[in-house]
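Student: Take a look at the letters that make up each chain.
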Amino acid sequence: GIQVEQSPPDLILQEGANSTLRCNFSDSVNNLQWFHQNPWGQLINLFYIPSGTKQNGRLSATTVATERYSLLYISSSQTTDSGVYFCAVTNQGGSEKLVFGKGTKLTVN
Amino acid sequence: GAGVSQSPSNKVTEKGKDVELRCDPISGHTALYWYRQSLGQGLEFLIYFQGNSAPDKSGLPSDRFSAERTGGSVSTLTIQRTQQEDSAVYLCASSPVTVGELFFGEGSRLTVL
Numbered sequence: 001g002i003q004v005e006q007s008p009p010d011l012i013l014q015e016g017a018n019s020t021l022r023c024n025f026s027d028s029v030n031n032l033q034w035f036h037q038n039p040w041g042q043l044i045n046l047f048y049i050p051s052g053t054k055q056n057g058r059l060s061a062t063t064v065a066t067e068r069y070s071l072l073y074i075s076s077s078q079t080t081d082s083g084v085y086f087c088a089v090t091n092q093g094g095s096e097k098l099v100f101g102k103g104t105k106l107t108v109n
Numbered sequence: 001g002a003g004v005s006q007s008p009s010n011k012v013t014e015k016g017k018d019v020e021l022r023c024d025p026i027s028g029h030t031a032l033y034w035y036r037q038s039l040g041q042g043l044e045f046l047i048y049f050q051g052n053s054a055p056d057k058s059g060l061p062s063d064r065f066s067a068e069r070t071g072g073s074v075s076t077l078t079i080q081r082t083q084q085e086d087s088a089v090y091l092c093a094s095s096p097v098t099v100g101e102l103f104f105g106e107g108s109r110l111t112v113l
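Quick mapping for you: the protein sequence lines, in order, are chains S and H. Each residue of the first sequence is one higher than the one before, starting from 1 at the first, in the numbering used here. Each residue of the second sequence is one higher than the one before, starting from 1 at the first, in the numbering used here.
Don't take each hint at face value.
To be verified - Distance condition first, Cα-Cα at most 20 Å in a straight line; then the derived EDC-like pairs of lysine to aspartate or glutamate:
(1) S:102 <-> H:18
(2) S:105 <-> S:10
(3) S:54 <-> H:44
What the hints assert, rightly or not - Which residues of chain H face chain S? A few of them, derived with a C-beta cut under 10 Å, are:
(4) 16
(5) 35
(6) 42
(7) 43
(8) 59
(9) 60
(10) 62
(11) 101
(12) 102
(13) 104
(14) 109
(15) 113
Derived by calculation from the structure, the hints in this document are not laboratory data. Built from N, CA and C at the ideal position, the CB exists for glycine as well.
Next comes chain S alone, as it looks inside the complex:
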């Protein structure tokens, strides 16, 4: 099945810093989502972005489907940004299930 790799696995930032999280996938996708799992465990949708670029406040995401990667940018980080960021994809032409990466754990001090 499709493989999803996220990097870095852990990231520690000072408040106000910027960061880039990466998601690589091993095959063509027709669905890609970024989620933030807060410290209480709730999964919050950030972006539905199978291709292109989107922005929402301090967050933006870019997916280059032909190169099989997606990037999540966090600018001017805040302590409330702490948590785990997951990338998840659906393999085009394959199973319709959403396959998750192992996540990037972000700590903003």
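Fit chain H to the known structure of chain S by using the hints.
Tutor: Showing chain H alone in chain S's frame:
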């Protein structure tokens, strides 16, 4: 309600007992997913329902696990003869279309003693 609703939010059970977890998806959403998340781990796919199609059960870890979706809406995940390794948070998600944006509930935390 406006979001995906799951119950119970917490369940503690003894090894060997059966448990049922319920998911009420967002109204009108045709696709429904169950995932499992063990402590500190990523999300493991369990089962997927889409409309009247046969469910994708490829992620169910053993025959002790089963799920049904009645009337294309509410879903129940049943775990028979629970084991300690079944302890995890069970997450349900729904989507308005076959391959679309997923919306997750808050999960059911299962602890097997």
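Student: Now look at each hint and say whether the structure bears it out.
Tutor: A quick look at each hint next to the structure:
The straight-line distance between the Cα atoms of residue 102 of chain S and residue 18 of chain H is roughly 29 Å, outside the 20 Å bound, and the hint therefore fails. A threshold of 20 Å between alpha carbons decides the hint, and for residue 105 of chain S with residue 10 of chain S the separation of about 5 Å falls inside it, so the pair holds. A threshold of 20 Å between alpha carbons decides the hint, and for residue 54 of chain S with residue 44 of chain H the separation of about 27 Å lies outside it, so the pair is violated. A cut of 10 Å between beta carbons decides the hint on residue 16 of chain H: the least distance to chain S is about 27 Å, and the hint is violated.
Look at residue 35 of chain H: its Cβ gets to within about 8 Å of chain S, closer than 10 Å, so that hint holds up. At about 5 Å, the closest approach between the beta carbon of residue 42 of chain H and any beta carbon in chain S falls short of 10 Å, and the interface hint on this residue holds. Hint status for residue 43 of chain H relative to chain S: holds, with the closest Cβ pair at about 4 Å, below 10 Å. For residue 59 of chain H, the shortest C-beta to C-beta distance to chain S is roughly 7 Å, which falls under 10 Å, so the interface hint holds.
Interface hint at residue 60 of chain H: violated, since its Cβ lies 12 Å from the closest Cβ of chain S, which is beyond the 10 Å cut-off. Proximity of residue 62 of chain H to chain S is violated relative to the hint, the smallest CB-CB distance being about 18 Å (cut-off 10 Å). The beta carbon of residue 101 of chain H comes within 4 Å of a beta carbon in chain S, closer than 10 Å, and the hint placing it at the interface holds. Interface hint at residue 102 of chain H: satisfied, since its Cβ lies 6 Å from the closest Cβ of chain S, which is below the 10 Å cut-off.
At its closest, the beta carbon of residue 104 of chain H sits 4 Å from a beta carbon of chain S; the interface hint therefore holds under the 10 Å criterion. The criterion of a C-beta within 10 Å of any C-beta in chain S is met by residue 109 of chain H, whose closest approach is roughly 8 Å, and the hint holds. With its C-beta approaching chain S no nearer than about 21 Å, residue 113 of chain H sits outside the 10 Å limit, and its interface hint is violated.
The structure fails to meet hints 1, 3, 4, 9, 10, 15 from the earlier list, while all remaining hints are met.
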